[in-house]
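So the protein lines, in turn, are chains A and B. Each residue of the first sequence is one higher than the one before, counting from 1 in this note's numbering. Each residue of the second sequence is one higher than the one before, counting from 1 in this note's numbering.
Please keep in mind that the hints were generated in silico from the structure rather than gathered at the bench. Mixed in with the good hints, there may be bad ones.
No distinction is drawn between identical chains; accordingly, a pair holds when it is met within one copy or between any pair of copies.
With a Cα cut of at most 20 Å, we get these calculated SDA-like pairs of lysine to any residue [unchecked claim]:
no., residue 1, residue 2
1, 322, 358
2, 323, 358
3, 143, 493
4, 232, 472
5, 232, 612
6, 441, 308
7, 48, 180
8, 454, 598
9, 239, 408
10, 545, 488
11, 226, 38
12, 507, 478
13, 100, 137
14, 464, 550
15, 459, 594
Number of protein chains: 2
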Amino acid sequence: MKRLFLIATLVGAAPALADEGMWTYNNFPSAKVKEKYGFEPSQEWLDKARLSSARLAGGCSASFVSANGLVMTNHHCARGCIEQLSGAKKDYIANGFYAKTEAEETQCPAMEINQLEQITDVTETLNKATAGLSGKPYSDTLKAKMSELEQACSAGDAKVRCDVVTLYQGGKYNLYKYRRFQDVRLVMAPEHAIAFFGGDPDNFEFPRWDLDVTFLRVYQDGKPAKTENFFKWSEKSAKEGDLTFVSGHPGRTSRGLTIAELEYQRDVAMPKMLFMMSEVRGMVTEFQKRGPEQKRISNNLLFGVENGLKATKGRLEALQDKKFFGQKVAAEQELRKKVDANPEMKKKYGAAWDEIAKAQGQLVNVRKDLAFVEQGNGLSSSLYSIAKTLVRASEELPKENGQRLREFNQANVPALTAGLLSPAPIYPELEIMRLSFGLTKMREELGSNHPFVKKVLGKESPEKLAARLVKGSKLCVLKDVKGSKVCDVAVRKGLLDGGKAAIAASKDPMIQLALALDADGRAVRKNYEENIDAVIKKNAELVAKAKFEAYGTNQYPDATFSLRLSYGSVKGYLEDGKKVEPVTQMAGTFEHATGEEPFALPPSWLKSEKLLDGATAMNLVTSNDIIGGNSGSPMINKDAEIVGLVFDGNIQSLGGEYGFDESVNRTVAVHSDAIIESLKKIYGATRVLEELRPGSTKIPSVPTKPAG
Amino acid sequence: MKRLFLIATLVGAAPALADEGMWTYNNFPSAKVKEKYGFEPSQEWLDKARLSSARLAGGCSASFVSANGLVMTNHHCARGCIEQLSGAKKDYIANGFYAKTEAEETQCPAMEINQLEQITDVTETLNKATAGLSGKPYSDTLKAKMSELEQACSAGDAKVRCDVVTLYQGGKYNLYKYRRFQDVRLVMAPEHAIAFFGGDPDNFEFPRWDLDVTFLRVYQDGKPAKTENFFKWSEKSAKEGDLTFVSGHPGRTSRGLTIAELEYQRDVAMPKMLFMMSEVRGMVTEFQKRGPEQKRISNNLLFGVENGLKATKGRLEALQDKKFFGQKVAAEQELRKKVDANPEMKKKYGAAWDEIAKAQGQLVNVRKDLAFVEQGNGLSSSLYSIAKTLVRASEELPKENGQRLREFNQANVPALTAGLLSPAPIYPELEIMRLSFGLTKMREELGSNHPFVKKVLGKESPEKLAARLVKGSKLCVLKDVKGSKVCDVAVRKGLLDGGKAAIAASKDPMIQLALALDADGRAVRKNYEENIDAVIKKNAELVAKAKFEAYGTNQYPDATFSLRLSYGSVKGYLEDGKKVEPVTQMAGTFEHATGEEPFALPPSWLKSEKLLDGATAMNLVTSNDIIGGNSGSPMINKDAEIVGLVFDGNIQSLGGEYGFDESVNRTVAVHSDAIIESLKKIYGATRVLEELRPGSTKIPSVPTKPAG
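Produce the complete structure using the sequences and hints provided.
Next up, the structure:
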């Protein structure tokens, strides 16, 4: 990994130069884009782009690409669904999927798509409500007021989701109103071998040759939903220098964190997480050798772990880079100096950094209990999570909305219910492995004499307890439906509907355990939320406000898995002194193949090699500022037409969590031409093609002119 | 983990206070011991203790405990042998081993024991030889001169091993002459369940209840060797406050490293190692589930990995501790100030720290190549290591001694040959797993486009290549001897004897690969040794000399797996404000048991519970300064009698790599009384008992008076 941080700016310390920024749609720097690229997005352009963008509630981005609800995202974003629809005899991960007719479009067991319909600034309302408060009263009031706003916004409509989004670490609050699509069906997915060609070794690398695409469709009342806002497909290939926009949902950046928070990430949180993930990776890799079925059911988990490992290692390296970290320290010191130099600012904000540092110090002490007693790091089982949610739902849902644990807010209830009643299969063998592992880690981290460990394990070993719990639970009774395994969720439904009485009467071992441990988790959480998290949030808000006062408000907030728009251009970069060209070609895919996983092309590609135009653009990189969560984002040109499908960042971009370096940070996308060429010549996916580019199945595909 | 660093001293910065120090036998601070404990070891006492101490060449300590070559060490130090002697039908790890007659004592396939006969200071000779040199000429000359001294010392006698030991980072060089015992036989080992009671969860913890002991015997000419120097068994139990000595071979400390070196350890080396080891741990844990035989053959590997993981995490936490690291920084700054203040010292030593820092910076750049191209992190296979050693031996052994790669020095040839021709079994299934993993990591770390990766993998996947290499190699042809698997090493012997011609003609795929990669490894190593390692060594020597000039020579050197003596006393400590008592009792063993691994006692113990005196001392802690490598060390009283058997340090002691804190750092040992009580009442090991305490099988065992 080449690390070459010449950070143009650190959020808040100076106006953003270069192509930096994951901008909110209500604060997009159109004028700045015009200055650099000669094009100024209008309000109409922005509204259309916003409404054509989509979010997968599970943690990815997507876009509407036809008026009939066709949605484009990454294969790796839809793989949960593809895997769930597969069975031992019909492996859509390995063989791909294509619905030749509408009737063949198959519903994903647990997928929800959101469309951002409206943004309202509610900062003033919330600031007024919490004025003068701190600690528990502050966080209680903030939570209650947020719930109230969200509930008023959705007004009991299950098709609407409203979230108060905390921006600028609490410097601003916006209410985001989404339309929810919960009937999502799989339309077309290529084989995993080409969707994730190069596998983990090539992940976050460039040059690259992936067709990481999947098409879904949102349905309403059993029919394809009408989506008047969608992105058209570009007739012109994107080439070096072209202006590009990416509209998507970057999950999280930490550019506004204080040094104390960054040090905690660098020295405690990230190393611990990496040790755990590395171990899971080794375990799952070996678990896969038990047999082909075990491989199939654990592929999704392994992908997630490997992807997370590589991403987190990149982030850790960024923070370990002395020069980079030094810049962060310098920026904080500069701001603190400005604050201290102004008596009024000093009074309002001066103590905020030290308060955060103190709270971080306390977090070190409660970290393990928080992770294992409340956050389920030890009880790492889907069944246990469901049991815990059912137990808490029975307790929380009867309460006043403002009094509930935040995840049980009325606004979350539809998503919560959908999750609890999802028939997505849960495989006992995988569950037992994951849970045994988690219980072992719990004992390792907390120690064999910790009261919680004794309470959970008793005299049982992690393996025996895990097997007993998983085998004894009826929360997912697997059954076969059209060759796919799904959960019969009748027991869950009974427990959800039956409330506290049903929970108390349940003999299900997962429910009984969740019930026995509930108070322990709540106590740890309460202490954390009231004495640590509330302090950090409150003071982070002060730091954000200090930045506004010192540097003005023309800034972008840290990413929060809410919709953002970034701008940039198709652009190569230097690595080891050599230029990396920004566009790869289809011919390179075949050159890079070895015939062995993960460099083995699927039969459909090998068979079609001669039919393809080898010069067709395959993947491309742009200088857009993105991060994890942006996977599946549409890459569009100034006419708001699809020119690519974002699926990755290069390895240099991983430090983007903490800062942006335009010289090397790159967005990696599937080129729109590769999608058309393969749909046409490899997959014969005429239905999809016709929707993307009406008439295109009758004319030859446009050959790409690769840049450089 | 409680971290409470109040380091009495940092090596070199001030005279050692408290019980700090792993002292060489030729610079032992007897006067200081007298001052604190009222007893001054005489030269005779020291000589006797030195000659009664033993080293397991594989990386542990031990002691002679009878005149007939009886050796005591830890079970975990001998587990390689115990495992190798086991087979599917006679599992000595699970069931223990006891040779009722001399004839039943069974030879360990790959074990060597060394006894330190003589120490000679050769500092002046080497300094003279390298005077005025630096870079390659410096390291070449140093290496050649060391070889010359070693060769002259052993004078071709295969029963003698001579090593020039680098002390004080090169501030001093001592020639250590060892007597070598290569016929080592297993006499008695308890079951793994009690030898490692509490397993990984209790590892490095205290209170503790382990019987981590194994008895071996050295043979000469087919008969038990006569060992006139040995430790007698104490008739008196060690109790709180008693003076204790530990004579053993601490493997490595890094108390004298510069800040640049420590930062490299903290930010690069240790995290990378931990990620790798965590992954191996997950993989092997899951590999064990393939079946009981797989579990048996991989237990040793898993133990090593888990032990290493916990130890390394402890070390990393020490360096991440800001206060602790700050003390190291302050000590270095103080020394540099002293150097800079004295024009003559400044001229000699002033640049050393920056030179080391520069070299560390270069190490970051070549680290991956060094690890994967030369050090075999990717080709992680015992067969490949043997192949590589055979290939290099054919190249190196014909050379002049001084011209060879250091590990092929004449002094090392006997050990090298013994290793190459060891019949210790190598299991293909485990080999394939380890090698596949290593190759995958190699591709991950170096990238799929690295020339070395392409050379190794070609178009094969890591799994296929590993399987082809392991299955195709004849370097270990497994055969059954008396129910145990051993390697037929005829092919290896032929290649070793046949030299270059035999190597070139070999069709063995491991040999062919090792041959093909040899030049790559040598090139990377040459660059590292000449441009980085030589610079660090040379300048570390200057730093050490600066310390001598600034603070005098009454210091102990960093540990280097050479014999050291430490002093201390039986002593509890505070944890979470509560006193941890220094001695546990046998009754506690039964209380701590759950019946589930790793807290399940073996049947022999469960059966004997009523026969045992529950008040017998089981384990104890002392304030001796030790570290990994000290496992198996005798713990002796002022009469040089055995009072314990060192097998661990407490978790607080892991930071001992970088500094010693007498308030909490503790050595953990099996109490001598527990060994006697269990040999007598559980194992009926009369032969061993009679050797340890002649007549003891006729009298009742001495009940322990536990301290506190």
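Status of residue 180 relative to residue 48 across identical chains (alpha carbons, at most 20 Å):
Answer is within: at 18 Å inside a copy they meet the 20 Å cutoff, but 82 Å across does not.
Homo-oligomer pair classification [residue 493, residue 143; C-alpha up to 20 Å]:
Intra 28 Å, inter 75 Å, cutoff 20 Å: neither.
For the identical chains here, do residue 441 and residue 308 meet the 20 Å Cα criterion within one copy, between copies, both, or neither?
both (19 Å within a copy, 16 Å between copies)
My question is about residue 459 and residue 594: at a cut-off of 20 Å on alpha-carbon distance, are they close within one copy, between copies, both, or neither?
Close across copies (5 Å), not inside one copy (51 Å); limit 20 Å.
Treating 20 Å as the Cα threshold, decide for residue 232 and residue 472: within, between, both or neither.
Neither: 51 Å inside a copy, 57 Å across copies.
Intra/inter-copy verdict for residue 226 and residue 38 if alpha-carbon distance must be at most 20 Å:
neither (34 Å within a copy, 93 Å between copies)
One pair to classify: residue 239 and residue 408, alpha carbons no more than 20 Å apart. Within, between, both, or neither?
neither (47 Å within a copy, 58 Å between copies)
Pop the pair residue 545 and residue 488 into one bin, within, between, both or neither, using alpha-carbon distances up to 20 Å.
neither (50 Å within a copy, 75 Å between copies)
One pair to classify: residue 464 and residue 550, alpha carbons no more than 20 Å apart. Within, between, both, or neither?
neither (59 Å within a copy, 60 Å between copies)
Given a CA cutoff of 20 Å, do residue 322 and residue 358 count as a within-copy pair, a between-copy pair, both, or neither?
Between copies, since 15 Å is at most 20 Å while 23 Å is not.
Within, between, both or neither, where residue 232 and residue 612 count as close if Cα-Cα is 20 Å or less:
neither (24 Å within a copy, 83 Å between copies)
Given identical chains, is residue 100 near residue 137, meaning Cα to Cα at most 20 Å, within a copy, between copies, both, or neither?
neither (57 Å within a copy, 74 Å between copies)
Checked against the numbered hints given earlier, the structure breaks hints 3, 4, 5, 9, 10, 11, 13 and 14 and satisfies all the rest.
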